[in-house]
Structures are given as structure tokens and as C-alpha cells.
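So the chains spell out like this:
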Amino acid sequence: MQDTGKNIIIAGVGGQGILLFSNLLSKYYMKLGYELKISDVIGLGQRGGGVESHFRYSTKPVLSPFIKAGDVDFLLSFEQTETLRYLHCMKEDGVIFSSTFELSTSSVNTRLEKDMPESKTELIKKSGKKTFIIDPEENKSPDFDISKMMNIVMLAFYAEFRGYSHDEMIQIVKDSVPEKFVAGNLKAYEKGISIARAQLAEK
Amino acid sequence: MKTEYKTTTMKMMNGNEAVARGAFEAGVKVASGFPGTPSTEVMDYTQQRYPDIYCEWSTNEKVGLEVAIGASFAGYRSFAVMKTVGLHVAADALGGAAGSQINGGLVLVVGDDVGRIAGDDYNDVRHYGNMFNIPVLEPADSQEAKDLMVKAFEISEEYTTPVILKITSVICKTTSGVAIDENQTYEAKCRVKYPVSFSKVIMTTMMMNAKGSEHPKLTKCFNDFPAHMKRLAADCNDFDINRLELNGKKIGVITAGTPYFYTKEVLPDASILKVGMVMPLPEKLIRELAAHVEKLYVIEDGHDIMEKNIKDLGIQVIGKELFPKFPEMTRFIPDVIEEKLVPDAPKRAILEGIPFRLPVSCAGCSHLFITQVLKKHKIKAAADVTCGLIGCFPHMEAYSLQKCMGSSIALAHGYNVATDHKENFVAMIGDGGFWATGINGLMNLIFNDSRSTTIIVDNSCLAMTGGQHIASSDFGFNYKPENKLEITKVCEAIGVKDIVTVDAYEYENLEKAILNAVNADTNSVVIVKKPCVTKFKLPKETPYSIDQVLCTQCRKCINIGCLAIESKKGKDGKVEIVINEDLCVGCGLCSTACKFDAIKS
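In the order they appear, the protein sequences are chains P and R. When you line the first sequence up against this note's numbering, it's residues 8 to 210, in that order. When you line the second sequence up against this note's numbering, it's residues 37 to 637, in that order.
The shape of chain R in the complex, shown without the other chains (with noise of 0.2 Å):
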């Protein structure tokens, strides 16, 4: 007989990390998806704890899910990563996957920026749980993150479906103690189930058309999906992640995630339903609380979500009425419960007047020097998301569109070929952005005949969620140099007739190579090349100052929208404009900008 040790332990761990380690203890073979905060890190931990997970980051969201659908069907469980915004761009893909039949589980793990702590609007993934029909679990604290991310697999195979598991900003960015085993050991989990899955395309086809049908062939297409969910939802009432808690009979609270110790903290006597699950909901625990209490509420964050889905069960909860939604209510959190449901809570206010902070690009960050370009010679341009839609904030005004990743290219696209291409409305994309969708544009502009100028900010990595590796990386997870995908040869291949690239540095080059390619004729790519200042830590020039006797105050420096560069009150009262040599990295572009020769190194 084998002699287990179990050695539990307490560990401190962030949301993200604790859902790495449920991957593990799952036993996940495969983990894919795309950089995204608050998630982003869900995969870092991944592929640095736990070597015998295979470990990618796609090309983009949907990319990553395929690849773990494709894993789960070879029976391996597997994850996808990503934010709730690139759900979006995976839901195709997971509407295939949905109601399918499912050989190693299949978990989605999607971060949602409750609060817009990380920037995002109010997205919430739940809602592709009530359209697919598929489960939703959501954990409270990072012990939860880990045992749902567990859950969730065994979820998803005995019920043969994938399985979202919710994490937020909260969670994510949340420390708190896990209790593991440290002898415990990987093993790859795996179970070949089913020999086909196909979409419920197929599936609805033969379940409207071959009803009665016994022959093999026929039925091994035939997932009877809403069978599996039926069940679920009855199963549900019994698991123990869905936790009713009787306590005091005038206030009912049915509440998921952290509202749940929102809601502990500040209604100690209330009765609550902690559920786990938030999809499909269990419906017996929901009645049997509503029976016990005065009043019922829902505490949820995001979107009325869970009180919608009450509601249609006939059952009289109060919402969103006393808790109002994004952008009225930015986040959840214990206050907002004192005020609204504890009387006579002491009311406190922030104090006014305190200057707000807009987002400021890096010192040295490349994409300053093209919005520079752009500003200076009125030039109107997309910006996509990355790094530099910075520039589309008011203390920038140096775009005036700017939507969704990868979208730049299709949207000067679009301007130039309504505007007869009169004028030539550039797109300035990431090198992420790009791979992620933006080549798809680039594709679509050439066949359609259409001429537009595209600067592609070439800086090795994402950027923005903290620099992880593209397809034209020098490093990855899965990095060979023979691999490594040119932006330039591949411009070359779809088509663009003038291709230029120019170091960000090199101003007036970088300005003449803007201007040729915005003026030419004929469609054209500017590819800006810089690597991240912050993720590849650049070596430092000596930093510039400005001389304050020559220095008009006429701000021309400010507006570059530098960080170092600010706008000062000196001891004496007097307002200066300085350089905060702790952050300046000599980069020089202020210099160019001053017409007073005010600013030297």
C-alpha cells in the first residue's frame, strides 16, 4: 500500500495564483488563452509553477479557447484565459463548444473588472451563462478560487459541459491564505468520453430530425444538452458551494463573491445564501430562504444578473432598485451595504478638490513620439487598444477614434473609403493588437482595393497588460528564433505597397517617414520600432531639465503628455513647469517640442 503524506498547509496566495494551483490539483494538461487584466497573471503563475502544463499564449482569445477545446476533446483537461472583453472575441467559439459533448473537462476562467479597477467598462461574463446555457461558478476569497477551479472541471465532465469560472478585479488582486498539500503530486487527468463532439448545429439537426432514432451512428451526434443542465440544476441545491446560511429573520441576502463578506461584515444577522454557483441557480435553497425571511435581497456585482434570473423564477427580491448598476455605482463594496440597509450609518465624504489622475504614458514610451507627430502636423488618426490610446485622452487629443483591439485598421478603413479617400485618416495599432485582429484589417484593405496608412508600434510585447510575449517577440513561452514572425515580411506578403521602418527615437526620420506615408498615393505601413521602456527596462540617458529663465511657461512640453514633465508649485508659491529627473530617462522628445531651447540635457 501506497503511504500518503498529506501535509496541509496554509499559503498566502492572490486570486490569479490560486486558480494556477487549481489547475494543478485538477490535473490540466492544457492552458491557453490571451493577456488580459485582471487575469493575465492566471497563466503566468501557471507557467511557472507547474512545468507539465503546456502553456500558450494565443494569438488571441478565440484562438486560445480552440486550442482548448481541440485538448479537451483529445481528452485532456484543459483552460482558456482571458478577460471578459475577450470573451467577446472567443464567443463564436465558445457557442460551438456549449451544449457539446465534453471528454476532459473544460473551463473558461474569465476576469471581470468589477469596479473598472483595471479600466474596463462594466462587462459582465455571466451573460454568456444565461445565452449559452452553460454553468457559471464564482469564488469569494482565493481558498474558493482554487477548490472551484477543482470544481469546475469535475463540473464540466460529469455534466458534459464547459464551465466559466468568474474571477474579478477583487479577487484577482486579493492575498489570502489557501490551504494546500505540499506533497501533492501532478497527474494529468484524462477521459476519452465521447468519439465525436460537434456543435449544437449538428446536434439540434439530428435531435429535430432522427427523435426515435436508435441507430449508432446517428445517436453518437446526439448530446441531449438541455437533459445535462435540467440536471444540474436540480443537482445544485445539494452542492456544498452553494452554502444557506439561516440566520435572523428580518433580512435575506442571496449574494456570490466577494459581496458575500461585503454582506458578512456589515449585516452580521442577516440569513444568507452563499451561492458558489451562479448558474444555474439553486432554486430550493433560493425559496427556502425566502420563506425564512422578512426581506430578500440581491448582492451581486456587475450587472442585475442573478436578480433577474429570481425574479423569473416568480420570486420578489429587491436589486438593483436600492444598489444601482455601473456607471451610478462603480464597485461594490461594505459601504454601499451600511448606507443603503444598516439605519442611521454615519455618513463620510472624501474630501473635494482633490485633482483627479488621467492615465500618463511611461517617460521614453514610443508611442509619445508618434502622437507628437500627429498633433504637430494635425494629422487625424484611430487609435486601437493598446498603450497609446493614452493619446485619445483630453490632456492628449491626438486621436479622434478609438474602439476595440485590433480594430484601427478596419476603422480608418472604413472612414477613407466614405470620405472617398480624400483624406487620409491613419490607423496607429500595437504589434498586439495587430497580431491579435489588426492583420485581419490590414487583409481586408489590400483585396478591397483601398489605400490607408497604418503605423504598427513595434515594442516586443504587450505592453499594456505588463509585456507579455506576440509572435514577433524575442522571448515566449514556447520561443524558438526560427519561429519568430516578421510584421514586416508579413505586411510585404498580404500586399501594402510602401512599407517603411524607423527607430521611435529618430524624430525627424520618424516625422518624414509619417508624412511620405500619409501624402503617397497607395496604402502604406509605418512599423515604429522601440522596445517597451517599462517591461525591457531600458538603459537610462542622462535626464533634461529646464531652464526656468528661459522657460515661457507656454507648456508646449506638457502636452507631449510625459510623465516626468510637471507642472509645479515651489516652495515660494510660484508655479514651475520641471522634469522629475527620478523618472526622466533622457529620451530628449521635450527638447524637440520647445521652441525656447528651454530644455537641455
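Isolated chain P (complex conformation) (with noise of 0.2 Å):
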């Protein structure tokens, strides 16, 4: 194995699909024989607060179940606010994928503080870090639903940034998800390989 491991740190807002996510993650990193440590940290609030797994496989066991500030290689991240948090986290070559969805904070809603006068996309494309943005509007479908796919989109997007095996976690998917879901799931899984071909194409 050349890959001897990474740290991932996967964010958003509940309801997002993020421990699905990284279920899935952790089923493909399993096969290739990996230790895995994932650590599902899931805030105050029903829906709609933050959530964030520590994921890290490695070819030795793992330690901590937290990834230190600097020590990330990839954040994945399904709302933008949410990106913003995981910034200072990232190692100088990591790499942040992030949707450009965003769901307002009750702060910020009911006045009680005021959000932030940039605008968030630029914060994240300014950070230094080599970045991929996804953004759902221009990215919706007919055939499924982006706003509770978005996990399989992004998962589509970051096997193909890594060279991984779609027919594999295609199957993963598969084995997976509830029999009702799938067929949305897989054309998910396509817009996902399609926009991460683009991307890839242009930097």
C-alpha cells in the first residue's frame, strides 16, 4: 500500500447525510485492509446543528479519535458556514471540498448577532488550500433529489479526485442504502463523477 493513511474530517448540519458518509468511507477503506478510527461528533439541537466525523485510516492502528488542528488532509464539508470552522485545520497540502448550501444559523436569524459581511464561497477559495466547490442549484436534477444526496455526490466526487474504484463503491452504495433509494442514489452517484471530471479537467 503507497497510501499509508488520512485524515478526513467530514462537516455539516444534521439531516445532511454525513454519517452515512462516512459509513460508506469506512466500508471502502475496510476492504483495502485498513485501520480505521471515525469519531461522530453530533452537537446540541434535533435538526439543523452542526455535525462533524474525525475519519482516519492508516496502515497502523490509530491513536487519537480526534484529528489535530493541522493534521487534516481532506475536509469534506456539505454546508459552508460549517467549512468555515475547519479552516485552520487543514494541512498546508490539504484539500477542501465543500457545497456551497448553506443554512442560516438561529443567530444570525433572529438578530442576535450579525453574519459575516464577505461572502462565505470567497472566504473558502481564499483560504490557501486547493479547493473544489459544489453548488447544488446549478447542479439539481430531475432524476434525484441534490438537497439529501449531496453525501453520494460528494462521495462520487472525492473517489474520482483519489482514483478510486467507482465500481466498488458503487457496490458499496448498493449494499447499503435502503432498495427504495438506490436507483436516486446511483444518479447521484453519476452527477457526482460528471462534475468532478469537469473540475479536474479545468485546474
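Below, a list of computed lysine-lysine pairs in the DSS-like style, where the Cα atoms sit at most 30 Å apart:
(1) R:K383 / R:K286
(2) P:K147 / P:K187
(3) R:K47 / P:K13
(4) R:K285 / P:K67
(5) R:K565 / R:K411
(6) P:K136 / R:K607
(7) R:K604 / R:K576
(8) R:K573 / P:K181
(9) R:K573 / R:K516
(10) P:K34 / P:K194
(11) R:K356 / P:K75
(12) R:K631 / P:K121
(13) P:K137 / R:K605
(14) R:K414 / P:K121
(15) P:K155 / R:K47
(16) P:K137 / R:K383
(17) R:K361 / R:K285
(18) P:K34 / R:K571
(19) P:K194 / R:K576
(20) R:K610 / P:K121
(21) R:K525 / R:K439
(22) R:K605 / P:K147
(23) R:K266 / R:K320
(24) P:K127 / P:K210
(25) P:K75 / R:K361
(26) R:K604 / P:K155
(27) R:K592 / P:K121
(28) R:K604 / R:K631
(29) R:K411 / R:K548
(30) P:K133 / R:K610
(31) P:K194 / R:K573
Hints are computed from structural coordinates only; laboratory data are not their basis.
Got two chains here, each in a separate frame; can you build the complex from them with the hints?
See below:
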């Protein structure tokens, strides 16, 4: 194995399928024989609270369940306010994958605090890291509900970026999600590949 | 001879799942307890995976622990699961069991919310170890969570004591590999050693008054619990769950739980004593490490309990003077150790000005309808521990008093007797809180001839912890329709004069019912019915939307506190109040709040 392991943070808000995402990814890395530690930090509140998953795979036993700031290789974020919370955690050559989806915060909604004046997408782009931005609005499709399946779109994007086998990943998706969602998820996966290919060709 | 097929495989499990597996391997017969984040799923996994184990969610933690104690006296291994806040409720039961004769192993699985990840304040279950002089085990990963669960039962029986297995929000929610034998079969373990088991009150009476007596009627009541604990304290120096890793001489660290791994990662050259049992501590091993290193630190989650216990042994250690405790530090992470103990560690700071997220109710939650009525009519009220406590936060401002689970009815009663019933201070309580301990508050106010209005939110489950069943649910581990308790009937039987039941979504009826109850000159209960939207996945109605021409941005709708209503900057930079159609369930509450007819289906 050339890749001895990586540290990944998966972030977003409750209800975006972050736990499913880390579950699917863990199955892929287990098949490759890696040791894993996945820590899901779910915040206070029912729906819409911040969720972060620390995902570590390695050829050696993984020690800390939390990734130290500065040690993150990949940040996969489904909500852009949440993306901002982890910019300082990235390695120098870390890579960011971020959706432009935004769930406004209750504190801004009720004017307990002001929203950031700058565009959050621009702040992410200006972080100095290699960044891929995925806009769910631009990629809406009648074949699947991108608001619910961004996790699968992101999984495909990540798999394409890392050069992983899509066949194996698709098989894991098929084996893991309920029958009635398989068709939609496969469409979402295809979409993810095509977005990734277009963006990678640009860079 | 029986052929043994031992096939060890690695399974990915989170801490809760691993504890359940440990219960299976230990041959547990009875599991009881009360839901509480982060440890709720210990019960869920036990019930789903291991049908041989009798499982119940009890009415509250105290009842849960008492059930386990009874099962243990019958000779069967049993455990009770709860969060530390719940153990406060069950503490009397634990005090009764501590130091008493134990037949079948008795283990308390208790979840500590280190880091307030689930929103608790910083409780630390290990205080109970000190207070009641009982052992506390703390795993560092899923493998240990399983192994220590088994070990806990062995210690419980060998040293005749209840044992606490402390798990944390990090352990519970971290998934890692666990080696298990797939062919292992279930065997309930049973051991009856003592004919009686009494609380320490009875035993200490015997110890003080009947010293030297050999009469079996006296000696059977006597359990020399101090001797058992002394023996455990001596033996634990040789337990393999307490591990001394002698390495460099500069830094020594005594640690337990996940902080062990943070330490290993940040300080690979340090000498470490990793304790699997944090109470009592292995004194010999601590002294050995202290003699080996120049500087000795304690790195522990939660309060400074190991630190104090080590200092009590006369050993100098550095702990909270370097690592401040809650609320200065919300959780131990590797970064904190690096910052304090690694010279020239790079400083990394989070970007400034990122807006924070206060908790918000799910779209369509019945609690939003109630807070809307209370706010509209400026009715003063106490909230309970329920999803409805979100109404206490500053973006909602619906309640002025809130304490612990089941408290609101008694809180309101206290307020009302102190103010001579001049203002009817209302209690809002969830159905879970009502059955847990709130029902006592209601009985109390009736026979003390008080009056109060109580709003009971009947959403058919314990919503906040993920929808576990309660006494009035239509489902459950041991559910039978004929055994379901009716909130209305119980309130009637207790003697409440005025009881009304309303559907939360019938806003006008709800408003009328609450106002009638508040204005009445008697005690009253308003039962607000609506199944939890999240647990029961209620069918969605057509989503509502805001007409931007009619909207004056008065924000009446946003102040409801619904997750689906957002204040958003459009692409042109202008702020709009919008309804997120993916989240909206079409309950229509916001349309009743809008004075400008801007919100329509």
C-alpha cells in the first residue's frame, strides 16, 4: 500500500447524511485493509445543528479519535458556514471539498449577531488550499433530490479525485442504502463523477 | 469432548455497540435504565442484537437501577444504563447498593458528556466512585469498552460491589475495530452467594454493635465492604487493564480513557501509566512511574478526580494548573496537550466571526405551537428537560425558569404558593418528563391544595434522545396495548379538576384551551397531542412560502424559532426572509403569525 493513511473531516448540519457518508467510506477503506477510527461529534439540538465526523484511516493502529488542527488532509463539507470552522485545521497541502449550501444560523436569523459581510464561498476559495466548490443549485436534477443526496455526490467526487474504483464504491452504496433509494443514489453518484471530471479538467 | 471453533474477526463498532457486546459475552440476564445521550444506544444495541437479554426502559433512572439490583440479588448478572445526569436521580439507589452483598454482577453503565458534545454541563460520574467507595472503569476505545464491560462483572462478583463503567460522549460515538468470536453463544451467568443483601445502614449497625459475634443470624447481615475495597486497591496493581509503559524519563503521564490516545499521539516518548480502572488507583504503579520521570502529569477527561486522589497519596502531579477544567476548556483534545507540553507548537486559530448555531426546534414541532401561545399572551412559564427547552434560549425567550428533568410542575407550584397564586405561573412538561418524575410534582400540588396550570406535551415518545418509548407510547420493548398508561386517566385519578386534550396543530383551540386553563380558579392540565414529527416521520403537507412583495421583514415568523424559516442574503446581497421548502412540513404555524398575509401554502 503506497498510501499509509489520511485524516479526513466530514462536516455539515444534522440531516445531511454525514453519518451515512462516513459509513460508506469506512466500508471502502476496510476492504482495502486499513485500520480505522471514526468519531462522530453531533452537537446540541435536533435538526440543523453542526455535525462533524473525524475519519482516520491508516496502515498502523489509529491513536487519537480526534484529528489535531493542522493534520487534516481532506475536508468534505456539506454546508459552507461549517466549512469555515475547519479551515485552520488543514494541512499545508490539504484539499477542501465544499458545498455552497448554507443553512442560516439561528443567531443570525434572530439578529443576536451579524452575518459575515464577506461571501463565504470566497472566504473558502481564499484559504490558500486546493479547493473544490460544488453548487447544489447549479446541479439540480429531476432524477434525484440533491438536497438529500449531496453526500453521495460528494462521495463520487472524492472517489474520482482519489482515483478510487467507482464500481466498488457503487457496490458499497447498493449494499448499504434501502432498496427504494438505490436508483436515486446511483444517479447522484453519476452526477458526482461528472462534476468532478469537469472541475479536475479545469485545474 | 466439545469441539471449539474460535473464529476471531474484527468488527467495526462504536463504544455503545461494544458495551452491548460486552454484556452479551458476560452473560447478562437483565438490562434496564433510562435514555440519555450519549449512552442511550447501549440499550438499543442490547435489545436489537441479543434477544436473550431481558431489556427495559424503566420510568426513570432510579427505577432502572433498582430493577438491576433486584435481578443481581436473584443471582443474575445485570446492568443499568443512564447518563451521569440520570445517575443523580438514581444516586439513592446506588448508595443503597454500594457496599452491600452482591450475588450476580451488578454494573452501572454511565455516559459522561465530556466536551458538552450532547449539551450537558460537565458532570463527572467518577465522583460517585469516591463518594460511595466503589470501583470505576474507563475504556479508551471500543475494544476496551467491550473488554472492560466483561471485567466489570468479574470485579463486581469477586469484590462484592457494584461497578461503574464510565463511558464518554467520545467513546460512545467513536467507531473502531473490536475483536470478537463470531461463534460465541449466549449463556446467562448466575451466582447466588449471599442469602441476604442489605444496605450499609444495616451492616454498619451490625459492625458497630455485634463485633466479635459468631451467630450466623448476625454474620449473614454483615459484609466487610472496607476490606473488599482494600483488597481491590492492592490487587489492581497487577490488573492488565492498568498498564505502565516506561519510556523516556523527562515526562510521565497518568491518564485514562481517550486522553490516553491523545497523549500517545502528541508525546510519543513519554512514559505513561494508562489506567483502565480509575477508582481505586494502582498506587504501586503510580509510585513506580513517579520515581522514573522528572515531571509527572495527569491528563484526564472531566473533573480533577484522579489528580486529587493521587495528591492524597502524597505524590506531586501537575494537572489542572496546566489544563484548566470546564468551562475554560470544553473538551480534552490532542491540540491542548500539544499547546501545553510541546515546545514551539504551531498556533492555529479558528477564523473569526463565523456565526454560531443555537439549537432550533424541528419544523412542525408541537412545542413551537405552545411557545407561540405563551409568547403571544405573555404567559410566564417554566420549561422542563424536553425538546421544548429550546424555548429557553435567547432566540426564543418563551420561558423564564428551567431546571432538571421532571421539575417544572413543582417549580411552578413553588412560584405560585410564594406569590399567593396572584399570577398563574404555568408548567410545561414533556410526556417523558411527566412519567419520569414530573408526576410526583402533580400529586404534590394536588394534596397540598395548590393550583397551577400544567401543559403536558404528549408526543408519544422521549423525543430528545431519539424517540424511545415511555409509559404512554404505542410501542416499546415490552409493549402490550392493555398495559399502556393514559396521561388523562392518571391526571383524573390524581385529582386534577380541569383536564383538556387538544391537537397542537389546531392553533385556535390550543390557544383557547391554554387561556381557559390559565384563567380558571382551579388546578388544570392541558394535554397537547401531536406525535414527534421526527420520530414518527409525519407525512408532509404542501410547504408554505413568503410573498416577498407583501413581506415587511417584521420577523414575527422568524421569531417562532422554526428551522425552516431563514433570513438569507440573496445573490444580489439583499436580505430576504424565506421558507426552506426542503425543511418545511406545511404545519402553517408561521401563517398564523404573519399580520400581512405574506405567508401562504
